[in-house]
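Student: Let's have the full structure, built from the sequences with the hints guiding it.
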Amino acid sequence: MAMTEEKENVDNLLEGFFEAGRGDAPVASADLMERIYADALAEIPAPPAPARAGLLARISEAIGGWPAMAGLATATVAGIWIGYAQPVGLGVFSAAEETAAAFELGDLLPGYGGLALEEG
Amino acid sequence: MPFDARGDDSDEALLAAYGRGDAAAVRLLTERLTPRLYGYAARMLRDAAEAEDVAQEAMLRLWRMAPDWQAGQAKVSTWAFRVVSNLCIDRLRKSGRSVDLDAAPEPRDASASAEAGLIEADRAAALQEALARLPDRQREAVVLRHLEGLSNPEIAEIMDIGVEAVESLTARAKRGLAAGLAGRRAELGYGDD
Numbered sequence: 001m002a003m004t005e006e007k008e009n010v011d012n013l014l015e016g017f018f019e020a021g022r023g024d025a026p027v028a029s030a031d032l033m034e035r036i037y038a039d040a041l042a043e044i045p046a047p048p049a050p051a052r053a054g055l056l057a058r059i060s061e062a063i064g065g066w067p068a069m070a071g072l073a074t075a076t077v078a079g080i081w082i083g084y085a086q087p088v089g090l091g092v093f094s095a096a097e098e099t100a101a102a103f104e105l106g107d108l109l110p111g112y113g114g115l116a117l118e119e120g
Numbered sequence: 121m122p123f124d125a126r127g128d129d130s131d132e133a134l135l136a137a138y139g140r141g142d143a144a145a146v147r148l149l150t151e152r153l154t155p156r157l158y159g160y161a162a163r164m165l166r167d168a169a170e171a172e173d174v175a176q177e178a179m180l181r182l183w184r185m186a187p188d189w190q191a192g193q194a195k196v197s198t199w200a201f202r203v204v205s206n207l208c209i210d211r212l213r214k215s216g217r218s219v220d221l222d223a224a225p226e227p228r229d230a231s232a233s234a235e236a237g238l239i240e241a242d243r244a245a246a247l248q249e250a251l252a253r254l255p256d257r258q259r260e261a262v263v264l265r266h267l268e269g270l271s272n273p274e275i276a277e278i279m280d281i282g283v284e285a286v287e288s289l290t291a292r293a294k295r296g297l298a299a300g301l302a303g304r305r306a307e308l309g310y311g312d313d
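Protein chains in written order, with my numbering: chain H, 1 to 120; chain V, 121 to 313.
Watch out, some of these pointers could steer you wrong.
[Unchecked claim] Just a few of them, taken from the derived set where beta-carbon distance is under 10 Å, the chain V residues facing chain H:
#: 1; residue: ALA191
#: 2; residue: GLY192
#: 3; residue: ILE281
[Claimed, not checked] Only part of the chain V face toward chain H is listed, based on derived beta-carbon distances under 10 Å:
#: 4; residue: ARG140
#: 5; residue: ALA143
#: 6; residue: TYR158
#: 7; residue: ALA175
#: 8; residue: ALA186
#: 9; residue: VAL219
#: 10; residue: ALA250
#: 11; residue: ALA252
#: 12; residue: ARG253
[Stated by the list, open to error] Computed list of chain H residues with no C-beta within reach of chain V, every gap over 12 Å:
#: 13; residue: ALA25
#: 14; residue: PRO45
#: 15; residue: ALA46
#: 16; residue: ALA68
#: 17; residue: ALA73
#: 18; residue: ILE80
#: 19; residue: ALA85
Think of the hints as simulated: they come from the structure by calculation, not from any bench.
Note that the Cβ used here is the ideal one computed from N, Cα and C, for glycine as well.
Tutor: Given below as structure tokens:
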């Protein structure tokens, strides 16, 4: 009982002092806060590195990413189409060329035959 | 994430975010922890410049430890108080200012000259003087309990002792403070009762 009384007396005696102490807390200066911000930013860990891209992804990236790949694919398909598809009218032109090859030079230049005879 | 949205995050969540390289967590964590750590160090060391060095060192250790922080371990604030506590005790011992547990607090002369109208700051100063005469471990316990408002289990973790030992240190510290301050109650405007 005596100990309880002593404890109560001590608590009553000190409470006002503790209250005053809590109201008079030491204040951290703005300079300290700035130094701590600076430390934090200097020590900030690097964000985790992304997984290493595969060979195709790296080639794609090197030539300009997906827009460049789309252009390249379009050009490739167009090239194949041009290579396989026979344009309309090309056959007619080819046939005419074969017919022309059947003529001799003399057929096209009537005077050529006479000149040849004179030289002979 | 916008800065304001971080206000409700726990210290642990903010530290984990910092550990992942998120700079937005820095300001909030610094504003939450630094004033408390500095205040505690200043009360232990009674030297503003030294207390600033200790608070900065403790926060630096926190930043460096962030990537390895394990969720579910101690609270960030408890961890930081513990670092400050150890740094303060080291400094007190190295500078010869340490007060051993065996040293008895020196009671003040009860007939000290009275001055009427002393303000609250004088009471705080008287408390600080009385705290400085306590053994280091008693001062740690009573400052953490009655000025920083931490719980006994938190203090036990910070001081690396059991809860009962904390209670014992706090009780002895309070008796020492009472002995030092009893004679000053009238002087500090409390009157006789």
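Student: Determine for every hint whether it applies to the structure shown.
Tutor: For each hint, the structure was consulted:
{"no.": "1", "hint": "ALA191", "verdict": "violated (16 Å)"}
{"no.": "2", "hint": "GLY192", "verdict": "violated (20 Å)"}
{"no.": "3", "hint": "ILE281", "verdict": "violated (21 Å)"}
{"no.": "4", "hint": "ARG140", "verdict": "holds (7 Å)"}
{"no.": "5", "hint": "ALA143", "verdict": "holds (6 Å)"}
{"no.": "6", "hint": "TYR158", "verdict": "holds (4 Å)"}
{"no.": "7", "hint": "ALA175", "verdict": "holds (7 Å)"}
{"no.": "8", "hint": "ALA186", "verdict": "holds (7 Å)"}
{"no.": "9", "hint": "VAL219", "verdict": "violated (18 Å)"}
{"no.": "10", "hint": "ALA250", "verdict": "holds (8 Å)"}
{"no.": "11", "hint": "ALA252", "verdict": "violated (12 Å)"}
{"no.": "12", "hint": "ARG253", "verdict": "violated (14 Å)"}
{"no.": "13", "hint": "ALA25", "verdict": "violated (5 Å)"}
{"no.": "14", "hint": "PRO45", "verdict": "violated (5 Å)"}
{"no.": "15", "hint": "ALA46", "verdict": "violated (6 Å)"}
{"no.": "16", "hint": "ALA68", "verdict": "holds (31 Å)"}
{"no.": "17", "hint": "ALA73", "verdict": "holds (37 Å)"}
{"no.": "18", "hint": "ILE80", "verdict": "holds (47 Å)"}
{"no.": "19", "hint": "ALA85", "verdict": "holds (55 Å)"}
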